[in-house]
Amino acid sequence: RLLAWMGLEISTMAIIPLMTQQHHPRAEEAATKYFLTQATAAAMILFASLTNAWLTGEWNISQISHPLSVTLTILALALKIGLAPMHFWLPEVLQGLNLTTGLILSTWQKLAPFALIYQIAPNTNQTLLITLGIMSALIGGWGGLNQTQLRKILAYSSIAHLGWMIIILHFLPNLTLLNLTLYILMTSTMFLSFKLSMATKVNSLATTWSKTPPLAALTMLSLLSLGGLPPLTGFMPKWLILQELTKQNLPITATIMAMTALLSLFFYLR
Amino acid sequence: MTPTHFSFTSAFILGLMGLAFHRTHLLSTLLCLEGMMLSLFIALSLWSLQLNVIPFSTTPMILLAFSACEASTGLALLVATARTHGTDHLQSLNLLQC
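Chains as they are written, first to last, in the working numbering: chain U, 1 to 270; chain G, 1 to 98.
Chain U with its partners taken away, still in its complex shape (with noise of 0.2 Å):
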């Protein structure tokens, strides 16, 4: 539907202003690398749907049923936000921004092509959905293991979360609002106190016990909070989405991503 990808196009070119304000050669290095992604990912999703339309004859985006078309649109959404295995240019980009600017792009960025995700939903093909999320998950907590700068840690907790979303994508659509609407949340927290305390590496993170006691506790228990521990608010979808995968009998779907749970939580506490 073309409206969709008008949408999305201008979405990106508003961003890519924001991104090379600074003007540091990583800032305009990571813009374009952005932008080469985005672009790549719209265009995809222009040429599935025209695809579809003709093979099939039908131009409107919540109803595309080709195999090969909805299969195409998937993987260009999961492009556009960072799935793996397409997540490459999401640390590298969200490293070279200013924390503000990294924080519109991982949450307002990721409205519109879940918008699309949503409306694509019943018809999507189950496999390549879980493929997509346990890889996910996977990916989002062995790449944060080993990084000491804070914006990738963001970046691979992102992945992470993102592969959660997606595999009850098939089951529930409306699981997967609530836990974006509240990965939303979780993340602004973080960039914004990370923001006021002006740490970009995990070794100045120590020094806001200093300086401002209740910011670093709360640092911590909105780090704890995206683990997915159970008395904060971040174990609800966790605990949600599990329980619907038990109902559909993928036991092991969920204990691998129970698993990977554990991986980000790792790299949480340090």
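FYI, nobody ran anything at the bench for these hints, they're computed from the structure.
We treat Cβ as the ideally placed atom computed from N, Cα and C, and that holds for glycine.
Watch out, some of these pointers could steer you wrong.
[Stated by the list, open to error] Partial pick of chain U residues on the chain G-facing surface, computed with a CB cut under 10 Å:
no., residue
1, 9
2, 12
3, 13
4, 35
5, 39
6, 42
7, 51
8, 118
Could you slot chain G onto chain U? The hints should help.
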């Protein structure tokens, strides 16, 4: 698949491969992006001609306008990269490696 469909599908896939596997210059990536947009434009025009759907006859023009915007954004980024990095070789885009 009709021959028309096959031809623009292959054009798009060729452009996509060129975009994914570019080696030295950033400009070739932008060119491949433009090639992909052009193949989409041709496909869209042919589709609205073949199926005689009137409401979608303006979409090729809109697509063309937007792909021009995309190309200009890409070129502006290329100029910015050339200003800071010196060349547009891909080896110089490694400042953000961990």
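| task | Would you check whether residue 13 (chain U) satisfies its interface hint, that is, whether its CB is within less than 10 Å of any CB in chain G? | result | At 5 Å from the nearest chain G Cβ, residue 13 (chain U) passes the 10 Å test, so the hint holds.
| request: Hold the hint about residue 9 (chain U) up to the distance rule: shortest CB distance to chain G must be less than 10 Å. | output: Holds, about 6 Å.
| task | With chain G as the partner, please determine if residue 12 (chain U) meets the hint condition of a C-beta pair closer than 10 Å. | result | With a minimum Cβ separation of about 8 Å from chain G (threshold 10 Å), the hint on residue 12 (chain U) holds.
| Supplied contact hint for residue 35 (chain U), tested at 10 Å Cβ to chain G | holds, 6 Å
| task | Under 10 Å, Cβ to Cβ, is where residue 118 (chain U) needs to be relative to chain G, so tell me if that hint holds or is violated. | result | This interface hint is violated because 24 Å lies over the 10 Å limit.
| Any CB of chain G closer than 10 Å to the CB of residue 39 (chain U)? | holds, 6 Å
| Is the shortest C-beta separation between residue 42 (chain U) and chain G less than 10 Å? | Hint on residue 42 (chain U): holds, closest Cβ of chain G at ~8 Å, below 10 Å.
| message | Min Cβ distance, residue 51 (chain U) to chain G: is it shorter than 10 Å? | response | holds, 7 Å
Figure legend: structure checked against the earlier numbered hints; the only hint not met is number 8.
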